[in-house]
Amino acid sequence: MGDSQYSFSLTTFSPSGKLVQIEHALTAVGSGQTSLGIKASNGVVIATEKKLPSILVDESSVHKIQSLTPNIGVVYSGMGPDFRVLVRKSRKQAEQYHRLYKEPIPVTQLVRETAAVMQEFTQSGGVRPFGVSLLVAGYDDKGPQLYQVDPSGSYFSWKASAMGKNVSNAKTFLEKRYVEEMELDDAVHTAILTLKEGFEGQISEKNIEIGIIGEKKEFRQVALFIFPLCVSA
Amino acid sequence: MVGKNCFAIASDRRLGVQLQTIATDFQRISKIHDRLFIGLSGLATDSQTLYQRLVFRHKLYQLREERDMKPETFASLVSALLYEKRFGPYFCQPVIAGLSDEDKPFICTMDSIGAKELAKDFVVAGTAGESLYGACEAMFKPDMEPDELFETVSQALLSSVDRDCLSGWGGHVYIV
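Residue numbers (the UniProt record's numbering), protein chains in the order written: chain H, 1 to 233; chain S, 1 to 176.
Okay, chain S solo, but in the shape it has when bound (with noise of 0.2 angstroms):
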């Protein structure tokens, strides 16, 4: 979720097959540089893998180009390294933030071949994605400071996989 000069990004912790629970604390957004966040829901297997992948890609860029990726560029790269696999893809939805240059925040989300969708206010993904939508549409306001973004983004998510139960155990919110 957007908010003034700072982003958002939250996941529930729950990790599971069907109905069975394997884990309560997993980590599902993993950190690409200091202003470059991603998570991955989905099949785990298929985000670490997409995961390891990107920071392999991530370290060679900062090494060649002396510099960190930007957000847009970086999307446009796990866009390109999903749709590589169209007819056997990784079973995993991305949602990346990041902090552009001025401190412009930027989010977006793709399904899992690659179809990126920008957003200016708010992306979701994961199995509580319908009532992530709904919550964040009814409690999401512009321009809000860090603070108040933590509790609105934290409120959403809370609601939302309380209805959901193949989510749930808590939740993780980075603020950038």
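With the rest of the complex left out, here is chain H (with noise of 0.2 angstroms):
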């Protein structure tokens, strides 16, 4: 195909119009852990796994599940350390917006924002693009919101979604159990069996993360003393 002779420069186009190093990027993605988002009607819920290498890493150090600003949250699958660079850069912005105009700023803007970094580091000499797909969810103005964002710098609005090892499976897992007026607590539910689908080993509440934002607008953590009902059940 000659892809590969264009594989080493991240700012030279392939002959089949790819850039190759943005599809290396997405396979990285790919290879991280499961995570997965779903919208409801009343708020947003994001989970990922959280398989640590050892059991002698202190789990509660590892924050996989960050938030942006009191009333936006991210997560990911792919390169730990590129999100945190990410979610640093967003920080800031969503930090700008508010010195100027006074306001919590839109999820949309600071997606469309996010996405602008990442995107430039495609487009740039001597960098590489990010080597993790964000799923970001807010609740704003205009509602319950959750987008993801690819290293390419595309984002996309969904309503339940899923990135990393197990996609194409978490993804049908989703689709069959999806419904419109679903309600916050529904949608917890469901993210943790959806993880509990793919995951190898035994599913406990020191292996998952999951966060949430409602009505009130803070995003935050969820401490999993409900756990052993959601996975009986």
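Calculated directly from the structure, the hints in this document are not laboratory data.
What you are looking at is a predicted structure, and each value in this text was computed from that prediction instead of being measured.
Every residue, glycine too, gets a C-beta built ideally from N, C-alpha and C.
Far from chain H, some chain S residues (derived; all Cβ distances over 12 angstroms):
#1 L15
#2 V17
#3 Q20
#4 T21
#5 Q27
#6 R86
#7 D111
#8 K120
#9 M139
#10 K141
#11 L166
#12 G171
Some chain S residues near chain H, calculated using beta-carbon distances under 7 angstroms:
#13 T73
#14 S76
#15 A80
Put the two chains together into one complex, using the hints given.
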């Protein structure tokens, strides 16, 4: 195909019209741990596996789900360090917006600016694309919203989505289970069940992370004492 | 000045350079969108430039966010823009008036480096500012209907500018 001759340089198109580096970045995302998000009628839930390399790791120090503003949270699949950099940049952009307008940044605007940062790294010299896809969950005046942002810088709004290792099974499961008028509690339950589908080993509250945002517009991580009830049902 | 689910914004019509009157029909109040007006008193060149910058910012905001700016947001923007020029300011005093969500009127003024002054009843700016404070204080009543608000604002404006040699030649009043 001759594409491999063009895979060395990010800023050169291959004859088939692709940027091979971005394809490779998507592969990096696809081998990352599964994460998913579901938009309910009164909120959004995002969740991810938190498989740590060894039992000696202090799992309470690892935060895969982060908040960008009090009413916007984000989760990723792919490379953790790249995620940290993006979170830092997005938080700064959100704060700059607030400083100018004294208003919390709308979810669409923050997603757009984060995507613009990711796109910059696909068109500059000497850099590589981010090896993460993000799921951004927020609640603002337009209601609950869920966006996926890819390494290429494209973003989509989803009712429910998954990324990472188990993406096709997870999406099929979500397609079957998704109901338009789902409430937040049902969405959390569905999210846990979807993670359980592709989970290698025993799922427990120590190896997943869940974040939710409801009508009060405060993003928070869920304390999973309700976990045993969800799984057994 | 604030009324019942409405606001009024008014200005005089004189443009002058000390004792010389240049124009008697000068537009000092401009529309940002249907529910947001800004009046810029002070140096005419600065108020024109500032207005152009604000329209530019608002148009971009409308395109990006697909909605009009709220008056409170706009006031924060004006304040930020003015403070950017803290050590070489625009010689302007803006008066901002708009209707928020649910038709709640919003007014504010600021000094030339962006110190916001929110008020629940009325705000004033310009060379006849002190007279205007007195006239508005005397004539203001809460929850006036648009017609009564118009009368009140016009009387307050005319009586104050009559006492100021640098203001006058009639008035423009907008009721929203």
